Amino acid sequence: MKSILIVTAVEKEREAVRRVFAESEAAVELCGFGPAESAARTMKAALTHKPDVIINAGIAGAFPGRAVIGDVIVGTHSIFADLGAESEAGFLSTDELGFGTSAFSSEAAAQFAELQAHYLPILTVSTAAGTESRVSELMVRYPEAGGEAMEGAGAAHAALICGIPFVEIRAVSNITGPRSLQKWDIEQALKQLSLVLQQWKERVE
Numbered sequence: 001m002k003s004i005l006i007v008t009a010v011e012k013e014r015e016a017v018r019r020v021f022a023e024s025e026a027a028v029e030l031c032g033f034g035p036a037e038s039a040a041r042t043m044k045a046a047l048t049h050k051p052d053v054i055i056n057a058g059i060a061g062a063f064p065g066r067a068v069i070g071d072v073i074v075g076t077h078s079i080f081a082d083l084g085a086e087s088e089a090g091f092l093s094t095d096e097l098g099f100g101t102s103a104f105s106s107e108a109a110a111q112f113a114e115l116q117a118h119y120l121p122i123l124t125v126s127t128a129a130g131t132e133s134r135v136s137e138l139m140v141r142y143p144e145a146g147g148e149a150m151e152g153a154g155a156a157h158a159a160l161i162c163g164i165p166f167v168e169i170r171a172v173s174n175i176t177g178p179r180s181l182q183k184w185d186i187e188q189a190l191k192q193l194s195l196v197l198q199q200w201k202e203r204v205e
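Residue numbers are given in full-length UniProt numbering: position 77 of the sequence shown equals residue 77, and the series is strictly consecutive.
FYI, nobody ran anything at the bench for these hints, they're computed from the structure. Please note: incorrect hints may appear among the correct ones.
[What the hints assert, rightly or not] In silico DSS-like links for lysine-lysine, alpha-carbon gap of 30 Å or less:
no., residue 1, residue 2
1, K191, K50
2, K50, K2
3, K191, K2
4, K12, K201
[Said to hold, decoys possible] Quick list of simulated restraints, FRET-style, between CB atoms:
no., residue 1, residue 2, range
5, E187, D95, 31 to 39 Å
6, E25, T101, 26 to 34 Å
7, I186, T127, 16 to 24 Å
8, P143, L30, 31 to 39 Å
Computed from a predicted model, the values in this text were never measured in an experiment. Note that beta-carbon positions come from the ideal geometry of N, C-alpha and C, so glycine has one too.
Throw the hints in and build the complete structure from the sequences for me.
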């Protein structure tokens, strides 16, 4: 098996990964909450462990109609969705501003082909969507995206700088929308995350 680094935002996600991978099989580190901390901690972990592949694993909110609670999304891209500038014509990404890329292609996503998952871009945000208007805005701007989380693109950028293949894998814990109306099932999402990682592990061993 290749040398694997798996980064998760919080301890519950790390526990879900550890149900699948023993310490001798993969390095599993906390990358923290949000894109900035994720980038910094993933870079530190990559330099320490020198892995062949980096996986950001965790839970996410899916956009309505694109996945349901308990589904797994394998990110084809991890995208900084709110890093840029506003203008009279609408949002301008870092690409449009000339400050580098906002979308990171998941080189390692092909390793997860044919698993029980959706294969869609995953947005990385600094503020989770909690209103109908914000969800609609993101769905229009990114019509192929499956949902949003808060660490993937930060970890992906660190992996790119290190020259290490990367993929983001998210199990759906909730459907985005008005925050007071959202229903969550974190335990179900974590079980499904463990399941798809187990399926992948059995294929690559």
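A quick look at each hint next to the structure:
no.: 1; hint: K191 - K50; verdict: 28 Å, holds
no.: 2; hint: K50 - K2; verdict: 11 Å, holds
no.: 3; hint: K191 - K2; verdict: 24 Å, holds
no.: 4; hint: K12 - K201; verdict: 20 Å, holds
no.: 5; hint: E187 - D95: 31 to 39 Å; verdict: 38 Å, holds
no.: 6; hint: E25 - T101: 26 to 34 Å; verdict: 32 Å, holds
no.: 7; hint: I186 - T127: 16 to 24 Å; verdict: 20 Å, holds
no.: 8; hint: P143 - L30: 31 to 39 Å; verdict: 33 Å, holds
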